[in-house]
Structures are given as C-alpha cells and as structure tokens.
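Protein chains in written order, with the numbering used here: chain G, 1 to 359; chain B, 1 to 359; chain L, 1 to 325; chain P, 1 to 325.
If you are wondering where the hints come from, they were derived from the structure by calculation, not from laboratory data. Backbone N, C-alpha and C define an ideal beta-carbon position, used for all residues, glycine too. Take these hints with a grain of salt, some might be off.
Unchecked claim - Keeping only pairs whose Cα atoms sit at most 20 Å apart, straight-line, the calculated SDA-like set for lysine to any residue is:
id, chain 1, residue 1, chain 2, residue 2
1, L, 33, B, 199
2, L, 195, G, 348
3, P, 320, L, 279
4, B, 185, G, 211
5, L, 47, B, 273
6, P, 33, G, 278
7, P, 317, G, 332
8, P, 317, L, 280
9, P, 320, L, 317
10, P, 33, G, 275
11, L, 195, G, 345
12, P, 317, L, 282
13, B, 293, B, 307
14, P, 195, B, 346
15, P, 317, G, 355
16, P, 317, G, 354
17, P, 33, G, 273
18, G, 185, B, 204
19, P, 33, G, 270
20, P, 320, G, 345
21, L, 317, P, 282
22, G, 185, L, 49
23, G, 322, P, 303
24, L, 317, P, 280
25, L, 33, B, 353
26, L, 33, B, 272
27, G, 185, L, 52
28, L, 33, B, 270
29, P, 320, L, 282
30, L, 33, B, 205
31, P, 320, G, 354
32, P, 33, G, 274
33, P, 33, G, 276
34, L, 317, B, 353
35, L, 33, B, 275
36, B, 322, L, 303
Stated by the list, open to error - FRET-style restraints, in silico, Cβ to Cβ:
id, chain 1, residue 1, chain 2, residue 2, range
37, G, 126, B, 341, 56 to 62 Å
38, L, 123, P, 222, 51 to 57 Å
39, P, 107, L, 124, 20 to 26 Å
40, B, 127, L, 124, 56 to 62 Å
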Amino acid sequence: MSARAVVSKNRPVAMQRQVLQPDGKLVDGAQPMEEEFLLEALRWMMKSRLYDHRVIGLQRQGQFGVYSPGMGQEASIVGSAMAVDPARDWMVPQYRELMASVHHGLPLEVISSQYLGKIGPARIPEGVKVLPTQVAIAAQLPQATGLAWGLKLRGEDSVVIAYIGDGGSSEGDFHEGLNLAGVTKAPIVFFLSNNQWAISTSRRVQTATRSFALRAAGYGFDGVEVDGNDVMAVYAATRAAVDKARKGGGPSLVEATTYRMSFHNTTDNPSRYQDPKDYEEAKTRDPIERVQKYLASIGLWDGKKDEAWTEELREENDRALKLAAEAQPPNPDDVFANVYQDPPLRIVRQRSELAGGQR
Amino acid sequence: MSARAVVSKNRPVAMQRQVLQPDGKLVDGAQPMEEEFLLEALRWMMKSRLYDHRVIGLQRQGQFGVYSPGMGQEASIVGSAMAVDPARDWMVPQYRELMASVHHGLPLEVISSQYLGKIGPARIPEGVKVLPTQVAIAAQLPQATGLAWGLKLRGEDSVVIAYIGDGGSSEGDFHEGLNLAGVTKAPIVFFLSNNQWAISTSRRVQTATRSFALRAAGYGFDGVEVDGNDVMAVYAATRAAVDKARKGGGPSLVEATTYRMSFHNTTDNPSRYQDPKDYEEAKTRDPIERVQKYLASIGLWDGKKDEAWTEELREENDRALKLAAEAQPPNPDDVFANVYQDPPLRIVRQRSELAGGQR
Amino acid sequence: MPQRNIVEAINSALTDEMQADQRVMVLGLDVGKLGGVFRTTSGLIEKFGSERVVDTPLAEASIVGASLGLALAGMVPVAEIQFLGFTAQAFHQIGPQLGKYRQRSRGRYHCQVTIRAPFGGGIRSPEFHSDAVEAQFVQAPGIKIVMPSNPYDAKGLLIEAIRDPDPVLFCEPDRLYRSGKAEVPDGAYTVPFGKASLVREGDNVTLVAWSAAVELCLRAADALAADGISAAVLDLRTLVPLDVETLCTQVAKTGRCVVVHEAPLSAGFGAEVSATLMEEIFYDLDAPVMRVGAFDVPFPAASLEDHYLPSLDRVVKAVKRTMES
Amino acid sequence: MPQRNIVEAINSALTDEMQADQRVMVLGLDVGKLGGVFRTTSGLIEKFGSERVVDTPLAEASIVGASLGLALAGMVPVAEIQFLGFTAQAFHQIGPQLGKYRQRSRGRYHCQVTIRAPFGGGIRSPEFHSDAVEAQFVQAPGIKIVMPSNPYDAKGLLIEAIRDPDPVLFCEPDRLYRSGKAEVPDGAYTVPFGKASLVREGDNVTLVAWSAAVELCLRAADALAADGISAAVLDLRTLVPLDVETLCTQVAKTGRCVVVHEAPLSAGFGAEVSATLMEEIFYDLDAPVMRVGAFDVPFPAASLEDHYLPSLDRVVKAVKRTMES
Ligand SMILES: Cc1ncc(C[n+]2csc(CCOP(=O)(O)OP(=O)(O)O)c2C)c(N)n1
Ligand SMILES: Cc1ncc(C[n+]2csc(CCOP(=O)(O)OP(=O)(O)O)c2C)c(N)n1
Ligand SMILES: [Mg+2]
Ligand SMILES: [Mg+2]
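So here's chain G without its partners, still in its complex pose (with noise of 0.2 Å):
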C-alpha cells in the first residue's frame, strides 16, 4: 500500500492512493477488499457498463433520451457510492455517476423513466435519500452542504455525498459551496471525478493547478487524490472520509482520477477533440477489467461467471427498462404539475387554456 498525504500540511491524512494496480496485482503491502465485498463491487460496475452500452444503442435507435455514459469511471461510481449508507446518509448527484444512485437507493427503471421523458414515473420515491440529477453544473454544491449543514442542525446522524466534476470544480458553486462546508463543518463529502474532460475541455486547460484535492487546504478541510480507476482506492478514500464527517470533523474532498472512455453525451463527437492515444492509454487502466484480473488471480473469476453475471445483469437491467418504458407518459397536463403547491389564479387560467377551456 502507496500511503500518501496529498495536501493540508496542517492536517495530514492517510490515503490508500492506489490499492489494486492496472495489471490486477495488489500494490505492495496495500490492504485488499474483503472478497464477498469486492464481487458485490463488480457486480455493480459491470451492470453501470452493460447499462450504458444498453441504453446508447437504445438512444441511438431513437429510443432514450440524450445520455451521459459512465464508462471508464465504475471504480469511482461504485467505490464512493459503497462507502455511504443508504438508510441515512444523502446523495447530491451530478448527472454522470447514475449507478451510484441506483445503489443508494433510487430504482433504475425510475431514473430510466426520467430519460424517457415521464414525469410522475421518474419522481425519486419517498424514503430514498437521493436528489435529483443536476444539470446545471456545480448548482448542487451549495445545496449539499446546505443539506448537510441542516442535517447536523436537526441532529441526524447523516452524512451527504456531493458528486462534481473536473470542470464543475471551476464554477464559483464550486468555491463557495466547499467555503460554507468548511465553516459550518458540514458534514459532508464532496466527490470529484476528475474524468479529465469537460465537454471538449481537457482537464489541463481547465486549471493550472495540478491537484483539485489541493483546493481543500484552501477551505480549512482535508482534501484527498486516490486512483479513480481503482474501486478499492476509491472506497477506502470515501469511507475514510464518510467516518470522519460522522463523527463530527467536518467536509473533505475527494479527488478521484479517472477517464471518461466514452463521449460527453450521445450527442457528441470525440473525435473532433481527442487524442485516440489518450484512450487507448486509458483502456490499460480500465477498472473493471482490473478487478476480474484479481479475482481471476485468487480463482474468484473466470469467462464463465463473466458470462453468466453479463447474461443475469443484462436481464435486470432489460427489466428496468421495460418498466420505464411501460410506466406512464406524460399528459399535457403535467406541464403544469409541481410548481407551486397552490397555483396562483393566472396558472389555473392557462392550465384550463391548455385543457382547452376559455382563458
């Protein structure tokens, strides 16, 4: 194990930077995932990969909405999503890492039905501590920590995660988000995925610094690098950090180094931008294909389980999506739903406009 203190001179934290390396061998002396855990693991970043692959060919048909793929960033999907508790603790999503609410909580046919453009099917069901998928980009930042901060206030036992990217990590939500955790010590982790891309915008010309986990000293709290490809890494950063928000000390930021190995969206072209180098490096680091090596390495894994758990994954994910795909569509109607809950006189007057009524 690679112990490494990223930043905050003042208050130094062990970091598990890198646990499991790219040619599936532990790194040396680095304590691994207990294994029943480490499947489970798997198992969720094989059905974020097999879903997305899904749902492309099913946009690309028309048949799904405009998506952002995971690929190439389960470790981090998965690893962070593990190490916070669905029962209690809070997740502030981004719109990249979607299987990471599905894990804490939230049905996939439900978050499906969202890209199916249903309205009352996609509602986050009471009970699941997920908010919704953030489009403007950094606007959840200083939400979660307002969330954590009137967690704390009412005395729950509750810690958020708050998802971001490496170019959300330029707004000033960003800045002003971390700055208030930092004061109200907050409890709350705030996951960066340095996937390296913003749209077009590398990551080297989205900031000069060469660390986002730095940024952390800056606000009074510990900030962190782990190996974002690396779900063992990544789970050991967050729970660390997850622990320690429990108990009273306050926000950190986790900085997970990944790579996006797919396009932005379905509706763009990487080609225009990247470097088909840069991806063919990146493969070498894929983090699924890591784990299996492991697994594979100490008999856990072979191309039959990969085979069946495909097979089984597959179908459950064919479930949701037929769910989604069966569940309600939207009536004109809903145009007007949950916006206020009493709806001033001019909106029920445009509403009964629509239902075409007299103005």
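Chains B, L and P with the ligands: place on chain G using the hints.
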C-alpha cells in the same frame, strides 16, 4: 529577516513575511527599505490617514458621501501601490484602498469628487491606468484577469494589481477570476487585504482555512502571506510578485494580514460586534508608528518633522478637497450620460421628457 | 395596538416565527451581532443563538443554495441578501434552482425558503444598493414576489412568506424602513398573497403601485385632489401571484390608470400591468394606461437619483395627460 | 449568392470579422477544437490559432468578466455562453457590470463585448438549455439585445454587434440553426439595430415576434390566410433598442395585433410591446393587443415542450379571438 514559504509545495517562493517589527526594530538580518523610499512610503501612509480623518469629519457634517477609511491598513495600501509602475501597470481597486489609486496617478481631487456626487469631474483622466472603484464585491477579479490577459495578448509590458478583501475572497468571482488567471498565465498580482472584517463578519467565520494565500496552489500559482502592517515587507512581497509576472511567470496571490482600525464605513457602528480589546491589540501594531519609530532610531524622524509633514499633508489634502467641492456638480441630464455611445431613441425621448420637453 | 415601523414589523415577524417554530432560522451577511445593516434582525442572535441566526461568508449564491439544502433537511430558512441588487450574484440559484426544484424533482421536494432583501432609491445609497430588479424574477416562474409598502403588510406578508411551502422573494423598501409607524399587532398574523389592497379610494383614475411607489402615489393623490382629480391608489402587494381580478375591477371602475414603479420603464412590471389591462378590460378603458418608471438607464450616482426615479411631478403629469385623453 | 443556414451565417460573420480585425477573439466553453456544441465556431481555431479562439474553464461569470477586462485592454471579445439559460451564472457580470461600465467610469471606459448564446425550445434539450430569458436583460439597461430569426440577419446583426462599442447580448435560435438556408453574402455587411423588419405584409392583423417565434408566426400567417385572414408578421430583430416607430406604424395600419414569444407570459417582452402600443396608439387599436407566450411555469421536461411553448394552434386561436373583438 524571517523567510517563509507559505504555500505551493510545488513552487515555493522565499518571502519576507516581516521586515520591520511593531516596535520599530528590524527583524534580525532583514534588509530594510532604502531610506528615501521609506520616507516616501511614510509620507503616503500619513497622507492616507490624514485624509481619512478629514473626510470622516466632513461626512459627519453632511459634506461627504459614505466613506470606507483605510485606517490601520496604510502599509498594505502604500506598500502594494509602490510596487507597481503607474506608467505601464494597471490598478484594479475595490473601494477601501483609495490612496493606492492616488499613488497610481489618479488625482485626489478626482476621486474625492466622486464622494461628492460629481460626474464629469470624477472621471478617471485619460492615461491614468486605474479602473473605477468596485462596489460589487469581487466582481473586479475576473475583469482584472481579463485585463491582464488582454495586455499580454497585446504584447504590452504591463502587470495588473487587483485588490480584494478577506470578505471578497468568499465570492465565486474570486475563484473564477483566480483560476482563469492561472490558466492564462496572466500577468497579475491579486492583493488580498485581510483586515479581519467584512463589515461585522469576522475573518474567523468567513472561512475555515488558516491562510488565504494557501488558495493560490489550487490555481497553480504562488501565494504568500505578509505582515500587512509592515510597509517594507508588503512592498518586497508585492514587488517580487510584480517582477515575476512581468517576466512571464504568471499570477500571484499576496495576502496582507492587517487590521481594519476603524468602522466598515461611515454608516457602521463596530461597537455592536467588535471586542475593543482586538482594536487595542491592533493599535500596538500600527503601520505608521512603526515606521516613525524606526526612522527616529536612525535619526530621520522627530516630533518637529511629524508636525511639519502633518501640516503639509493636511494642506495638500484640503487643496484636493477644495477642488473637488468646487468642481461642477451634476445636472439632471447627467442621468443619461455615458450609458451608450449612441443612445436608443427611447432614451433620447426620455431625456427630452426629463428636460421638460414633450414625451 | 403597538406602533411599529417597517424595520420593527419585520423584526417582530421574525421573532414570532422563530419563537413558534424551531425550524425557522435566519442566515445572511451581518445578520448576527450587527443585526443586519438596517437592524431588521437586531436582537435575534441574542434570543435564538448563533445556530439559528448565522453570519454567512460573503457569497450570495451559497446563501441561497444552502438555504435550498437547509430546507430539504427540514429547516425553514429565511435568508437575507444584503441588497436586492446583489441577488444578481445568486441569480442562478434563485429562479433556475429554488424556483424549479419542486418541478425538477417531480414534486418529491419543495423549498420552503424566504429570501429577504432591501432595495430602492431615495436614501443616497452606493451603486447597486438601489436597483429595483423585481421584474427580472417574474420571468423566473416558481418564485413568489412580495413587495410590502407599509408596516402592517410587512409583518403579515413576511409571516405568510415564511410559512409558504414554496420559495418567496420578499423585497423591502429601504426608503420607508423608518419613515413612519403604523399599527402592527403583537403576535403572528398573515396577509394573504395575491390580494391587492385599495389603499385609497378615488373616482377618476387608479394609480397602481407596489412597495415604496405606493407612498409616492399617495402623495400624488393628495396633490391631484387639490386639482380636483380624485385618484384611487391600488397597492398590488405581490407581483406573483398577481391579483388580476382586483386590478381589473378597480381600473374598470375609474376607466383610467397610471402604473408607477421604481424600476426602469422598459419591461418593468408596469408593462405587465398595462398588458393585462389591455387584454382583460380594453373596452372599459377611457384612456390608455400610462406608465411612470425610472428611465431606461442604470441607476445613476446618488446625487442624481431624484432626477432618475419617478417623481411626484412626473406622476402628476402622467395622470393629467391621462385625464386629458 | 451563397446559401447559408444560421450556423454557417454566424460562422461566416465570425470569420470575416476575425480576418478583418486582429483584436477580435472568441472565447467560451468548447469553442476551440470542438467548434462549439452547435459548431458555430467550427474551423476558427484552425484559422486563427488558440490565442484568439479560447476554450475557457467552465465558469460563465469569468467568461463575461474576463471579456470586460479584455475589452479594456483593447481586444474585441466575442464570448459564447453555451446556452442562454447559463447566463444566470454570469448574471452579475452582465447587467450590473458590462451594462454599467461606461456609466460607472463616467465614460472613461466602454465595453466592446458581444455575448453570443443559443436558446429556445423545440429540439428536446435538457433542462435550462431552452430557457428564453431575454426579457430579464431588458431590465438591465446598457445591454443591447439582439434576436435574429434568419441567416441573413444573423450574419449582419452579429457583425453589427461585434463592431458596436457597447455590450450586446446576441441570442441565437437553436431550433432554426440548420432549419433552412437563405442567401447570405460572402464578406462583411451589417444589419442595423433598432430596425424592425416586416417579413410579411398583411392587412387584418400584425403578428409581432422575434427569434424563432417569427418562423412560428409565418406558419400561422399561412394557416390564417387559408381562413381568409391576412396577417402581417413584424420581426423586431432587436429588443433593445426597440423600433417603437415601425412597431406603432405597422400595428396602427392593421388595428389588431398579437405578440408571440417563447418566454413565459408574465413580464415577458410581449408585455412591453403591448404596453408600448397602449401608450402610443391606443386610439388606433380596433381590438386589444393579445399575447401568446409560454405558460407561467418553468420550462418542463423535453417530452412536454410542445404543450408548453406557443403553438401554431394557440397563435391562430389568439388571432381569431382578436379578429372577433
Ligand atoms: C452552468 C453550466 N454551464 C454549462 C453547461 C453545459 N455542460 C454540460 S456538461 C458540461 C461539462 C461538465 O464537465 P465535468 O464537470 O467535468 O463533468 P463530466 O461531464 O466530465 O462528468 C458542460 C460545460 C451546463 N450544463 N451548466
Ligand atoms: C456582492 C456584494 N455583496 C455584498 C455587498 C455589501 N458589502 C459591502 S462591503 C462588504 C464587506 C467587504 O469585506 P471585505 O471584502 O473584507 O473588504 P473590506 O470592507 O474589509 O475592505 C459587504 C458585505 C457588496 N457590496 N457586494
Ligand atoms: Mg469531467
Ligand atoms: Mg475585510
């Protein structure tokens, strides 16, 4: 001289955190400012404080607008201004460091006339490289970055100095302005006057970081902390940053630790929120007294000189205030001045309406 | 009954609601020991402690964004933006986030958040402090917009805002903060949204206004009375929801109308009032509805504000022109 | 003459101006190698290099703020905000800073800055990408607001914007980006601000619109013609400056008017159009001016946008109601 690199483990800069101690003695081994230069600095610091006293008096008599004095911060104001070259460098003020702009070539009568509600006479003269004071906290920072970036693109030999407060450091614009400066390697020095207060809000609840300078690392450039009540140290730190920027070394952040030895502005009442002990403690670190003590210790200052300078500077300030008072007051039509180069017809009509013509 | 000015009325509303509901908290710049730059939150930190009355960092977007999150956690935040002009710094967190959160979560979440902010000219404030930008938020559906003009309404509307399950932007006329006291009961009461108030009866023309412009219209009505013109004054109180019914009934009665506001004329809310009257009661109008607003330029230096803002003279002139057409 | 769609027209304007004036530069998200998410800046980085075509960090306020500073340094920045809805993130740098800088510097400085941004519904975009928030900026004096509806105007107005010494918000109708080609000359030409264009003559009613709504009105005019109603279509082209004269003359001719826009109805710019007509030509109106806008709720999920946006049916109905009154 106590050298201390505050931040940026990657690119440390040796910094003179303090040169002149509060007791007027030099830090062991520190290199003092040249005597002539120090006398000039003292003159500007005294001018600043005398001006503050004078206009606060005027304001109390209803003869001056709302005013934010620089008292206690004179070393930061003057030391930073002396580090830039009015002939080629640009100054981007907030609102408190008024005398820095005057040092940079903005006539005192011009900036004074602004507080008397003048329009034409308050215009920054052609050739003076100073931007207007900024009331919207931190909004000047992305602008200053753009200015520095533009000067670089135009191939000019100019550096920008931009002022910001401890309060202003929390705004999203701070983050966005500094990050963009890092990316564009703009020739700019961000001068953060950490005077411990943002109106009534203490620096302690403004952020949890122990150092604002620390934030620079998160943008890929250097940050330094300096005793903001020590004009020698402020000058040295700022000058080093300016020289670096001019040589193509990109931006720096200088945090000057000082104390606001007065109210936020003339409408404020610090007794509601400030512990008088803090003020008393700050007084022992007065930036002007320490220079006078030092100069006295080398035979260059005494009570007589103090009286003579005070007299001279008062007259100088009063002359400017007189000019400002005598300058043309605005006329109603100035409401429409300087909005568009070619005002839309609608405004032309409104203008004639105000002038008493028909709509 | 106790007499209070608007500052005291607001302070009283906050005190009553914080006393009645543990979840209510106040956050913003300098709302703690200072009691706010206008003292509207004076004494609250002493009564309710620094967990419920919080001086935040100087960052408006995070004040609003955090309020949204606090609301999701079950708190009832009353955020103060130091001046309405600085809602610009938080703009993306207001309309697109607070105002949309119920919709974007398909009704799973809602935001019981009140944003208070003083604004308006006439007190020689620095730049941005006077900007009357209320109409910008009307184009951000999901946000209710409340514009009290007097102490009684200020308290009742603020309590209504705090209790409203949806987000409310509560704009306070700083020029009137201490301009006069009125009867304001102790204890909680509410003034409903979407009910305009006829603050003065009149037969010949209706002056429509909100916030500090109501006071101006009352002065104009006095001046007009001297010239034999009987002007009614209608205080809209809330722009969203708009009381279309009272507006139309009242203007139809007088047949003539002048709308007055402090915001720049073009695309100010006066345009909405005029367009609404056009659509609803065109045939009851005896003369075109006229608008008096600030001019279509940015708020000028304080020394010029009297020429920029709608003046008594301009209102009176507009009414007379209306009477002549 | 060469045929271009709006994307090509904009690209052509940028190319011409960058070629003619070294100071002109383009900055924003993904404007470089990608050529912008809609490809409006395609090829520019190859032609003019990465110093003049700059992919910025993901931070809208700094794109606008830096553009202001770049202009002060003598550059002529053309900034792209990826979608108009994200001007909210930069709101405080647009109206209160760009729009005021000439005034607050007493005329010492001015900001020759163009902000381009696509917007509008109809292409099933994600949240915030369709928001039609143009009216919010009308309440921020100092900013000119340009809303082209066709390729020819897009190029000419954009060149006019780039050369304008004052800041311009240039809103591009993404639904029409590639919807059709029109004659667009090679080489620079300008279309002046403040001149509305009568894109279709008609006797019975005037449809007033801008941006993509012009296309809708043209379709409505066709439909109405089939019913024997002759509708003129007036394209305002710029909201600030507003061509009050053409607007009034044209509507006075037909005596009837319907304003159509994609923004929510309340306090949309349609209100300004209606209020202006009320004030200026009340006695020439044969019927009340009607507005058709989106409803007063946030832009809904893409699957619902057709019900939310003004539709052919709603425009036709409004015209018929107007004809009957
Ligand atoms: C405020 C805002 N500006 C611009 C956009 C357009 N946009 C959507 S995704 C994206 C890139 C985000 O990059 P990053 O934060 O790194 O997340 P990733 O897509 O890599 O997961 C941009 C610019 C947006 N959605 N919101
Ligand atoms: C965007 C914005 N928000 C709030 C204010 C009100 N305000 C004026 S000065 C000030 C405090 C500024 O503190 P700091 O940045 O430390 O500067 P200092 O006054 O100490 O020099 C505040 C909150 C403002 N002018 N602009
Ligand atoms: Mg990314
Ligand atoms: Mg300060």
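Outcome of the hint check:
1. L:33 with B:199: holds, 11 Å
2. L:195 with G:348: holds, 16 Å
3. P:320 with L:279: Distance of about 14 Å is within 20 Å: holds.
4. B:185 with G:211: holds, 17 Å
5. L:47 with B:273: With a Cα-Cα distance of about 16 Å, the restraint between residue 47 of chain L and residue 273 of chain B holds, given a limit of 20 Å.
6. P:33 with G:278: This hinted pair holds, its Cα atoms lying about 16 Å apart.
7. P:317 with G:332: Judged against 20 Å, a Cα distance of about 18 Å means the pair holds.
8. P:317 with L:280: holds, 16 Å
9. P:320 with L:317: Violated, at roughly 38 Å.
10. P:33 with G:275: Satisfied, since the Cα-Cα distance of roughly 12 Å is no more than 20 Å.
11. L:195 with G:345: holds, 11 Å
12. P:317 with L:282: Satisfied, since the Cα-Cα distance of roughly 19 Å is no more than 20 Å.
13. B:293 with B:307: holds, 15 Å
14. P:195 with B:346: holds, 13 Å
15. P:317 with G:355: holds, 14 Å
16. P:317 with G:354: Cα-Cα ~12 Å, so holds.
17. P:33 with G:273: holds, 5 Å
18. G:185 with B:204: holds, 13 Å
19. P:33 with G:270: Distance of about 10 Å is within 20 Å: holds.
20. P:320 with G:345: At roughly 24 Å apart (the allowed maximum being 20 Å), residue 345 of chain G and residue 320 of chain P break the hint.
21. L:317 with P:282: holds, 19 Å
22. G:185 with L:49: Between residue 185 of chain G and residue 49 of chain L the Cα gap is close to 17 Å, so the pair holds against 20 Å.
23. G:322 with P:303: Within the cut-off at roughly 18 Å; holds.
24. L:317 with P:280: holds, 16 Å
25. L:33 with B:353: Since the Cα atoms of residue 33 of chain L and residue 353 of chain B sit roughly 47 Å apart, the hinted pair is violated (cutoff 20 Å).
26. L:33 with B:272: Given pair residue 33 of chain L, residue 272 of chain B holds - Cα atoms ~6 Å apart, limit 20 Å.
27. G:185 with L:52: Satisfied, since the Cα-Cα distance of roughly 15 Å is no more than 20 Å.
28. L:33 with B:270: holds, 10 Å
29. P:320 with L:282: With Cα atoms ~17 Å apart, residue 320 of chain P and residue 282 of chain L stay inside 20 Å; holds.
30. L:33 with B:205: holds, 13 Å
31. P:320 with G:354: holds, 17 Å
32. P:33 with G:274: Holds, because 9 Å separates the two Cα atoms, which is no more than 20 Å.
33. P:33 with G:276: Given that 20 Å is the threshold and the Cα spacing comes to 15 Å, the pair holds.
34. L:317 with B:353: holds, 11 Å
35. L:33 with B:275: Answer holds: residue 33 of chain L to residue 275 of chain B is near 12 Å, not above 20 Å.
36. B:322 with L:303: holds, 18 Å
37. G:126 with B:341: 56 to 62 Å: Since residue 126 of chain G and residue 341 of chain B have Cβ atoms about 58 Å apart, the given range 56 to 62 Å holds.
38. L:123 with P:222: 51 to 57 Å: Given about 55 Å between the Cβ atoms, the range holds.
39. P:107 with L:124: 20 to 26 Å: holds, 22 Å
40. B:127 with L:124: 56 to 62 Å: Violated: the Cβ-Cβ distance is about 31 Å, outside 56 to 62 Å.
Figure legend: structure checked against the earlier numbered hints; hints not met, in rising order: 9, 20, 25, 40.
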